[in-house]
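Dock chain E against chain V, hints included.
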Amino acid sequence: MAGLATTLLLRQYDTNRAAGAKVWGTDMRMIRVFGTAAVLAGLLTTAASAQIKIGAIISITGPTAALGVGYKSAFATFPAEIGGKSVTYIVRDDAADASQAVTIAQRMIEEDHVDAIIGPTLTSADYAVQPIANAAKVPMIATAPIDYDPVKDPYTFSAVQPVALMIGAVVGDMAKRGVKTVAYIGYSDGFGDQVYDALQASAAKSGIEVVANERYARTDTSAEAQVLKAMTKKPDAVMIGGSGTPGALPDVALHRRGYKGLIYGNHGMVSPAFLRVGGAQVEGTIAVTGPVVVYDQLPDSNQSRAPSVVFMKALIEKVGPDAVSPFAGYSEDAFLLLQAAIPEALKTAQPGTEAFRVALRDSLEKTHDLVGTHGVYSMSPTNHNGMDDRARVLVQAVDGKWKLIQ
Amino acid sequence: MDNAILLALLQDGLTTGAIYLLLAVGLLIAFSVTRAIFIPQGDLVSFAALTLASMIGRHIPGTIWLLDSLCAAALALSLARGRLNAVIPYGLAPAVLTIATLAATRYGAPTAVSAVLSLGIVTALGPLLYRFAYEPLGEASVLALLIVSMALHFVLIGIALYCFGAEGVSTPALTDASFDIGSVTVSGQSLFVGLVCLAMVGALRWFSVRTLYGKALRAAASDRLGARLIGVDHVLSGRTAFALASFAAAVSGLLIAPITPLSYDTGFEIGLKGFVAAVIGGLASYPLAAAGALIVGTIESFSGFWASEYRNIIVFSLLIPVLIWLSLTRGNPEDRA
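Chains as they are written, first to last, in my numbering: chain V, 45 to 450; chain E, -2 to 334.
It is possible that some hints are incorrect.
As the list claims (entries may be wrong) - Ranges between beta-carbon positions, derived for each pair:
1) E:L209 <-> V:A142: 51 to 59 Å
2) E:I317 <-> V:G302: 37 to 45 Å
3) E:T108 <-> V:G302: 20 to 28 Å
4) E:L188 <-> V:T276: 19 to 27 Å
5) E:I317 <-> V:A142: 23 to 31 Å
6) V:D193 <-> E:V152: 37 to 45 Å
Just so you know, these hints were derived from the structure itself, not from any lab.
The structure presented is a predicted model; accordingly, all values stated were derived computationally and were not measured.
Even glycine gets a Cβ: it sits at the ideal position worked out from N, Cα and C.
One chain only, chain V, in its complex shape (with noise of 0.2 Å):
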C-alpha cells in the first residue's frame, strides 16, 4: 500500500516537472507537501516490506526493434516473486539509441532505485550505461556481446556468448570441412566489425585465409555487388555478418548469383524470420547459435535442454510460436542468473539498499554451474560470463526450419 502510494506521489510530481511546473517559484506548498508525503511512505516502505526492482533497457523500437521484441517476450514469463519477496519489472524502451539509454539508467537509478538491471540490448548502449551502473554500485547483466574489464568494472556482467566463442565454432566448421579461403559480407557498423575482427582471429589459427572483407548497410536494398565482389576471388565459404532478416540479403543475391561454396552465418541471423523472408533460398547455410533456438531438437545429453523446453513453452503460451528467438533466451538467463543470486543477497540486506546491490554482486560473482536457455554460467572474478563450449551449437537452414547440426 505505502509502495503505491509512493510511486503514485513520485508520478505526480514526474508529471508536475515535465509540465514545466515551477519547481522553485510559486508552488513551495505543494513541493512540501509531496515532500513530506513522500518522505514518510518512503519510511513506510521500507519498514513494511522491500520489494525487489529489476529495471530492464530493452530496444523495443528502433533500427533493432526486430531483436528487441525478441528480448521483451520473456518478460511476460517472469514470476512475481524470488526468494519470497515481490519483484517489479521495470521495462524501458532506449530506441536503439546510446543516449537515450544512458539516461533510462539514470532515471532507473536515482528515482526509481532499481536493485539490478537487465540490459541494455544493443552493445553500444551496454558500453553507455556500464560506467553509470558501476558508479552507482549496480549490478547490470548486459544482453548483448561486450568486451570489458570485469576487475576494472566489477558491476559489470554478460549473459550473452562472446562473440569470439561464437565464431569460432563457425570457423571450428569450416576447418572440419577443409575450408581454405572464406569472404566476408557483413552490417557497415559495430556489429560487423565485432564478426569480422573475431572470424579474422580465429581464422587466423585455423590456416584460414579471409580473402575479401564485403560490407553492406541494414537499411540497403541490394547486396548484389558485393556479392559479385567476393566471388570474384573464389571462397571455399562465405561467411554472413549481418542480423535478422537483412541478413539474408546477401545469402539471396548469394543462391542467385548460383554460389557453390559453403554460406556461413552468426547468431544473429538465427531467427524464424530470416528463414520466412530467405525461403528456398537461403537453404543449406550453416550458423551458430545458443542452444535454446534448437530446445526441441536437442540431446537429452545437453545440460541447457531442461531449463530451455521449459522456458520456450511458457514463452510460447504466452507470446506465440514467432516468439522463438534467441533474444528471449538471453532475458530469460539474465533472469535466471538473478534469481538464483538473489537468495544469498537477501541474507545481508534489504532490497532497496546499497548493501543488498552490493552482497547482490558478490553472489552473482560466485554463481558456478548455472544451467541456463544458452548455456553453462561459471563466473569468477576475472570472468563475468563464464560461458564455454557448452554455449554454441551449429544449425542448418533445411527445408525452412534450423536443424541441429549433430
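Showing chain E alone in chain V's frame:
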C-alpha cells in the same frame, strides 16, 4: 573486372535506379503542385510491401484500419460542413475496400488480387495524409512543410511498427524466369521492374498531357496563383498530386519487396535516395530527375563493388556538387517559388 560482372552490376544498378525513378517522379509531382517535400513517401514504400506480405500471411493488414479511421475523420468533418457528397469517397469507397481486403485475407486471394488491394490502400493514404497534415497549413513556407513532412515520417514509422511489428518481410517473386543474353543473365524480376517503370512513366506523361486533370495539375505546378485564377481547384490538385506520389510509392514497394527484405523502417532510406535523384533534377525537371535516379542506382551498385563500406556515403555525397551547381546557376530559390 570482366564484362559479365560489369553487366551484372549495371543490371543491379538500373533495377534499383528504376525504383528510385518512380519515387523521384512522385516527389516531383507532389513538390511542384504543393511545395511540400513528401518525405513520408518512403514510408509508404514499406507500407505497401508490409500490407501485401501480411495479406499473403493471412493477417489483416493494420493499414486498412488506418485508412478507415482517416476516412471516418474526413467524413465527419465534411458532413459537419454540410457536404453530403463526401459520403462516396470517404464512406462508400473505403467500406468497399475494407470488405474486399477482409475477404481477400480471410479466403486467401491470389497474390495479384492482394497486390491490387494493397496498391489501393496505400494510394488512398496519400491524399488523406495531405488532407490532414498539409492542407490546414495553406500557403506555408517550404521549410514549414518540410518540418511537417519529417514529423509525419516519424508518425508513420511508429504506426508501421505498431501495425506490422519489427521483422522484415519479403513477398514471392512474380516470376522466377531468367534469360541468358550473351554472357549475362537477366532476371525476370528486374526486367519486370524496368517494364513497369517505363509503363508508369508513359502513363503519367499521357495523364499530364492528354487529360483535363493532368493539364490542371501542370497549370497548378507552373503557376499556382494563375491556375487558381482560371478556376483550377487547388485543394483537388494537391490531393491528386499526393495520390500520384503515394501510388508511385506503393508500386515501388510492391516491385522491390520480392528482391529485398523490407521492414517498417527501411522504406525511408529508399525514399531518401529517390529524393537525391529529384534534387539532381533541381526539384523541377522530370527528365533530369529520371536520369539522376538511374545514376544514383548505378553509382550505388558500382560503389558497392569497389568500396562497399562507403556506399551510402558516396550516394549521399552526390548531393554536394549538385547543390553547388544549382546554387551557382539558379540564384535564390525563394525568388522562384
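Quick rundown of the hints versus the structure:
1. Restraint check, L209 (chain E) to A142 (chain V): a C-beta distance of roughly 55 Å satisfies the suggested window 51 to 59 Å.
2. Look at I317 (chain E) against G302 (chain V): about 39 Å separates their beta carbons, and that is inside 37 to 45 Å.
3. Judged by the Cβ atoms, the range 20 to 28 Å given for T108 (chain E) and G302 (chain V) holds: they are separated by roughly 26 Å.
4. Under the hint 19 to 27 Å, the C-beta atoms of L188 (chain E) and T276 (chain V), about 25 Å apart, fit the expected range.
5. I317 (chain E) and A142 (chain V) have their C-beta atoms about 29 Å apart, which keeps the hinted 23 to 31 Å range intact.
6. Here the CB-CB span from D193 (chain V) to V152 (chain E) is close to 44 Å, well matched to the stated 37 to 45 Å.
Figure legend: structure checked against the earlier numbered hints; every hint is met.
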